[in-house]
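Novice: The residues making up each chain are set out below.
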Amino acid sequence: MDFDLNKMQRLLKETARQFLSRQCKPERVRRLMETDTAYDAALWQAIADQGWTGLIVPESHGGLGAGIVELAVVAEEMGRACVPGPFLSTIFATALQPQHLEKIAAGEIKATVAILEQTANWDLESIRLKPSRDGEAFLLSGTKLFVPDADVADVLFCVARSADGLVVVAVERGAAGLTIDPMRSMDETRKLYRVTFDGVRGEALRNADIVSAMNVATVALCAEMVGGMQWILDATVEYAKTRQQFGRPIGSFQAVQHQCADMVLLTESARSATYYAAWALTQNAPGAQLAVSVAKSYCSDAYREVANRGIQLHGGIGFTWEHDLQLYYKRAKSSETLFGDSTFHRERIASFVVDESPPAAGQLTNERAAVAAR
Amino acid sequence: MDFDLNKMQRLLKETARQFLSRQCKPERVRRLMETDTAYDAALWQAIADQGWTGLIVPESHGGLGAGIVELAVVAEEMGRACVPGPFLSTIFATALQPQHLEKIAAGEIKATVAILEQTANWDLESIRLKPSRDGEAFLLSGTKLFVPDADVADVLFCVARSADGLVVVAVERGAAGLTIDPMRSMDETRKLYRVTFDGVRGEALRNADIVSAMNVATVALCAEMVGGMQWILDATVEYAKTRQQFGRPIGSFQAVQHQCADMVLLTESARSATYYAAWALTQNAPGAQLAVSVAKSYCSDAYREVANRGIQLHGGIGFTWEHDLQLYYKRAKSSETLFGDSTFHRERIASFVVDESPPAAGQLTNERAAVAAR
Amino acid sequence: MDLNLTPSEQKFRDDFRAWLKPNVPALWVGAVTSENRDDHNAYLRKWQRTLFEGGWAGISWPKQYGGRGATLMEQAIFQEDLALADAPHLIGTIGLSLVGPTIIALGTEEQKRRYLPPILAGDEIWCQGFSEPNAGSDLASVGSKAIRDGEDFIVNGQKIWTSFAQMADFCLSLVRTDFESPKHKGITCLLVDMRTPGISVRPLRQMSGDSGFNEVFFSNVRVPLTQVLGQVNSGWSTAMTALMNERANLGTGIQVLFKRNLSALIARSRTVDRNGQPASSDPVVRQKLAQAYLELEILRLNTNRALTSLSKSGTPGAEGSIQKLYWSEMNQRTQQIAQEILGPYGQLSDFDNGSWQYGYLRTRGNTIEAGTSEIQRNIIAERVLGLPKSY
Amino acid sequence: MDLNLTPSEQKFRDDFRAWLKPNVPALWVGAVTSENRDDHNAYLRKWQRTLFEGGWAGISWPKQYGGRGATLMEQAIFQEDLALADAPHLIGTIGLSLVGPTIIALGTEEQKRRYLPPILAGDEIWCQGFSEPNAGSDLASVGSKAIRDGEDFIVNGQKIWTSFAQMADFCLSLVRTDFESPKHKGITCLLVDMRTPGISVRPLRQMSGDSGFNEVFFSNVRVPLTQVLGQVNSGWSTAMTALMNERANLGTGIQVLFKRNLSALIARSRTVDRNGQPASSDPVVRQKLAQAYLELEILRLNTNRALTSLSKSGTPGAEGSIQKLYWSEMNQRTQQIAQEILGPYGQLSDFDNGSWQYGYLRTRGNTIEAGTSEIQRNIIAERVLGLPKSY
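Protein chains in written order, with numbering that gives the first Met the number 0: chain A, 0 to 373; chain B, 0 to 373; chain C, 0 to 390; chain D, 0 to 390.
Chain A with its partners taken away, still in its complex shape (with noise of 0.2 Å):
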């Protein structure tokens, strides 16, 4: 068993850092976020450059063909970064193995998925929006909330509920009867939009798989959260080192030291959370859902407690807008939420672990078990 990175991905790791010390200083961040779509082409083009816009596009459709924990090394580095820009977006559009491929592996189009209604509900079944039937093409009108970067996606793949199920249409840019509104939030590294269709044209993907797809941008998402946690808890110990008051550094005070230590305890959990939910995604492992709801369970409240924490020991500097804190602040209740929050995945959890007949339980301990000590 080897529960850590190998020599390929250590390496990837590696670069991913220094590319985005470069590419996305925290200037850049802030020039992006004043923007109204957080968007810079020269940043996505040196991203695709990386290849990263094709990072699990199979080799066939000219992507580098990694696997999720490949993807979850880069990710947690954008996160850590705090990128601004549809690379979350586009990675769960790839996921979805659209016709697109290519053009998206090769950063030619970006790509953006509607999920959320009115109810702002993540569970697929609460998806209402229904389209009609114009030959091989589907007609969409209503309303989808909520939708990162869909003024810059070039093609917008709407989930929807057909007669036979969920059908991932997809809707160029610029269709007839779409219309993309800002919805502005607190963290504007990702923006989000109210989409309306009314009557637009689109066809249906074939074969997509919503539910791993969702799962794989699930993760993806929890790796940037772990950079972002590993971000602050790295700025945070700096801080603590330096800073002075009643004669010594605040570091050696046991308040801040403890706090410190849970901040430790949150993000390493986090991590290990997270990429094991990457690794049981790439080995179709059977209990691969559960692992992501567990990551995502509990990176949603870890993110918040990290930033909570790291806001705290800096005192008053950390709460203002010049300081880099507020960047992950936001960008830590923004992931929160995205793709559900700590109790919607717990109830999640549940539906597995609470809900089997006391056989299966069973079964799970021991499949558990086994596991437990590969």
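Heads up, a few of these hints could be off.
For each label pair, taking beta carbons as the anchor points, the in silico distance ranges come out as [to be verified]:
1) B/Arg21 - D/Asp151: 48 to 54 Å
2) B/Gln117 - D/Gln9: 47 to 53 Å
3) D/Asn133 - C/Arg269: 58 to 64 Å
4) A/Val210 - D/Gly275: 31 to 37 Å
These stretches of chain B come out as covered by chain D in the derived footprint (C-beta under 8 Å, 3 or more residues) [as the list claims (entries may be wrong)]:
5) 109-123
6) 175-184
The set of hints was computed from the structure by calculation and includes no laboratory data.
We put the beta carbon where it would ideally sit given N, CA and C, even for glycine.
Knowing the structure of chain A, use the given hints to seat chains B, C and D on it.
Specialist: Just chains B, C and D now, with coordinates in the frame of chain A:
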């Protein structure tokens, strides 16, 4: 506005503390714990001689005719001394205003109230035990669980559900068909019993207000809990001042100090909530039931948290049988569930403050606001 | 124990409410921008003038100084009724609750004559120049230097977290005047005219986007010796007197805002969806709302006990620290509960006027400003419990 | 990253499981009382003897000392499979995991020859005499005195929290041999025969009612100089070597118990009533069970990462502190969740054999024993994060 004990109440508190420090030292508590009933006739007589068995019994019935605030004062000191025996049960019984008031007030008979059934649900709506009529009397068949002090009670008030609604049936000690079995539980200062009725004959109390009586008993329990918290806080602070590690008293470590500070917050907040509920009951204030649930909900969590911190700060020694902390630790747990735990009372609070229709909530705001500056 | 208002407290409330009704100005609507900032200041100053003319300014001050000699309980009623009536906030609050009482306690006759009346009238606004970048929790590390030059001090240095500095006429400033003595013993408290050459103010933008605080820079600022409040090098005790007065404010006004906020959240929970039902009927949400309710209710009760205790003892103890610790952490928990219930809606800038987003962000500062939670816990441990000093 | 067992790890597990199946004795049923204590000891010693004869004792020890040279991962598999097989606990655990490795590292040839074989065979049981009433978190304050008398030390003092002392043959003891030097520099580690005259053992009853710990009293106990492990006055470094070995145990065995406990709770939640429904269908209960589940799952994952990291680095760092802090606090939360779900039933001595009551009480010690949570947080802050020492 004066949210403080008045002179008479302070005197009562001082008297109670002195009396109990003489009459109910920890050694006596430990001796009683190890008996079957935790009852001590001499101690009971001494308590009766103080008039406390008739504390809230009207003077016309031989009691002291005191209010609920005075009851809280005495109960707080009882809880501080962790007094074993049927005091709380007897107070609950007197709050039902039964025909036995004179004798209870005089300390001649002890009483208890049986509520819980198989579901262990403190919601009176869940009571299922169904009495049958026998002329003026009732016949009871069924089981009550977790009945405190049943084996020393001379009369047991069984809450049952007749065709006309809840009815409180008085059953005399030794009545035919009555079986009392111990249910050995964590807190051995408060013995619990399974009470089985097999066609037991009893008379219904006239005009018994079980809801009000349970409110009174709950507030008395909260006050006991506040007294227990205060004991733990005092003991812990004393220990932190004297215990030396690393060449200094452990109370000079922030990690210890801050936990002690939290214990102050928890204890004082529990005290505020409890005395307000006592006052509201005395005044028959419209929000009294809500105040009781606020107090019990908070005290249930706070006593446990204070006890946890008390043991943690004492280190190993606090975890031994010989240290008196264990008495309070277990009392915290038994008190947490008695008359409903925090989850139970939070749901009850929600039924008051969440379920009201908006105009009523408006009234609530004004009513509360009016109270707020008293 | 009697939690009803006394007849005289009731009369105070009735009088104030009766006065408030026709006198509270219409709410200022909309954001304060660089264009209308002067109008907003004028609006706030006018309100304070109205209070003064009605006899409701500096109500805690002794009557001989133009105050009303109000009891603590009456001060609490005053704060609460202001909030209940949606009155504008008090632009002169630092002068009224912090500077004025300190001048009354320690000022010269001339200082009293000169400064007290305009504070009451709202003609002169004060700010408080205590904190510095390197003197936060450790206030005694104040490093702004005041060097004697004839009958003046020449002040150089920087203050931070200074509320109202943009509009203030004067600043109660701590400066270091002795560089040899132990750090508590070399501090002096100065009454500084903010129009003195060499003072500049820079707004500090918070992560919530607004600028409640400022930095104040002193560059060769000349302050006459007559402007020393208390004695030279006794500024630490002057500051403690000032903070004591500030701590006696137990937050009765702010509770009205908490209550409103929670009522709004409860109302919102009836319209927000949770699995096809109103969130208000979801058992998990109900637990959270009930917890927020009971914590706020207990804040109210704790306040009333603290008011009683302060009224009887007369000297502020650690009550202020207990209150501050409780409400700041409670408010953060409640804002988090709001976010959980509202989901992504709670983060929007235009949902309920952005109040949930703003509340969540702004509240994060509560456990830092006016003494961090860590400092409050130290104070409770040392002053209430008598535990040995930790550092 | 590959979370599957390697072929050799899989083979280790297969071999051990195959061996366990016919060799694990039937579970000891019922309480251990004063009447049957000797029988119980014999039962435990026999089990250890069986492991030894099967080649499964001291598996982490180098082969030259009779061990199996197992990797960390194999040790984890070993601990876990013992727990999965319901094997009796290892009466010789202190000898096997703490004393033996320390003797191997620091002992004389004679000490190795004399002591290692009976530890492996289960013939001699060891206990650990480090903590004292005044040396708990501050272990270096050890005050038991050893005064040189010819070729012996004469030891006087008291040890506390000594597991297995009632049945132990030997005790690895820290004593003070230099009273002038700084406190870390005057400590010596002794191998003390528990049958030496002057030693008495008193069981310490815990609040859970059982007696897992003891006090050990030394009254003029004569210990030959040959029994020093390491150097005289270098006992602190001997102790650190011993604790390092203990900390490398990341708790893989205990997790099986946690898992069993949680499965039992989930099963119970289906039979306990909550408002007329099984508690398992109550949304508030479900949140709590899910939280307990995910925390335990993350403990497993953290453990696997720590095992990987330790296997690669070879030297135990602060991983043990992170693990200990996590599982001890997690276990307390889970036991509290169990109590909330079970209500008053959870407190009964005869409900599920009293296991919830016992679990709740016993767990309270988890954050104290083997280094308090406060000490673990200090270690993490100082050793993982490099923050300056706090005291």
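Novice: Now look at each hint and say whether the structure bears it out.
Specialist: Right, here's what the structure says about each hint:
The beta-carbon spacing between arginine 21 of chain B and aspartate 151 of chain D, approximately 52 Å, falls within the hinted interval of 48 to 54 Å. At roughly 49 Å, the beta carbons of glutamine 117 of chain B and glutamine 9 of chain D sit within the given window of 47 to 53 Å. Separated by about 60 Å at the C-beta atoms, asparagine 133 of chain D and arginine 269 of chain C satisfy the suggested range of 58 to 64 Å. Between valine 210 of chain A and glycine 275 of chain D the beta carbons are some 34 Å apart, a value that agrees with the proposed interval 31 to 37 Å.
With 6 residues having a Cβ less than 8 Å from any Cβ of chain D, the region 109-123 of chain B passes the three-residue criterion, so the hint holds. Requiring three or more residues with a Cβ within less than 8 Å of a Cβ of chain D, the coverage given for the region 175-184 of chain B holds, as 3 such residues are present.
Going through the hint list in order, the structure satisfies each hint without exception.
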